[in-house]
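Asker: If you count the sequence shown from 1, position 5 lands on 6 in the numbering used here, and the numbers rise without skipping.
Note that these hints are calculated values from the structure, not bench results. Glycine included, C-beta positions come from ideal geometry on N, C-alpha and C. Be aware that one or more of the hints could be misleading.
To be verified - Cβ pair distances, simulated, as ranges:
#1 Val179 <-> Arg108: 37 to 45 Å
#2 Val33 <-> Asp114: 20 to 28 Å
#3 Glu152 <-> Thr67: 39 to 47 Å
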Amino acid sequence: MAAVDTPPGLGVASLPQGTFAARAGPRRLAEVALRLTVGLGALALALAARRPEALHAATTAVGAMTMMALAIVGAAIRRARVTIGSDGVRWGWGRLAVRMDRERITRVDLYDDAIALRPRRGSTWFLSRRDWDRFEGMRRAVAAAALPTREHARRAPLAARLQSYGRVLDAIVVLATVTAAALALLAGTAT
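With the hints as constraints, model all of the structure from the sequences given.
Answerer: This is the structure:
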């Protein structure tokens, strides 16, 4: 009887060099926005359902559901984790994740404020300092995983910084909350 039934690299992920979460502030913002948006959206839906003949009842209902969906997506993205290992990099939630395998990575560019994972084919992944907690640990994990790296003693190029989703995601969840509040107010005052 063999102690290991699976050949190396088949079906068993390597031990991670590090697992990283979103920074605490943006994660809390997404959680608070989720709670507020769902509460205000549910209120708007209830008020619109009480007066379905009102002028904007249908628009209010669709808008409230849309804002709740945006808040759910925002909170889910902030709960995702990045795992760096010798077999590549994963982004997601446990077993539900997307990954860039080591064989696909041509180079990892390490900037002062970002990490760029450059694949043979497809889009570059950018991991920004402003989005991820323990960013220096993330840089060390890339080195420990022996991924092919190139060090740059400067900030990431503008194109890389624009692909960082953090500020846009924060704006979306705040806008969803404000819009849900406006929809609840509209539904409450509709005649």
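Asker: Look at each hint and say if it fits the structure.
Answerer: We went through each hint and held it up to the structure:
1. Val179 <-> Arg108: 37 to 45 Å: Holds, since Val179 and Arg108 (Cβ atoms, about 41 Å apart) stay within the stated range.
2. Val33 <-> Asp114: 20 to 28 Å: Distance hint for Val33, Asp114 holds at roughly 26 Å.
3. Glu152 <-> Thr67: 39 to 47 Å: holds, 44 Å
The structure meets every hint from the earlier list without exception.
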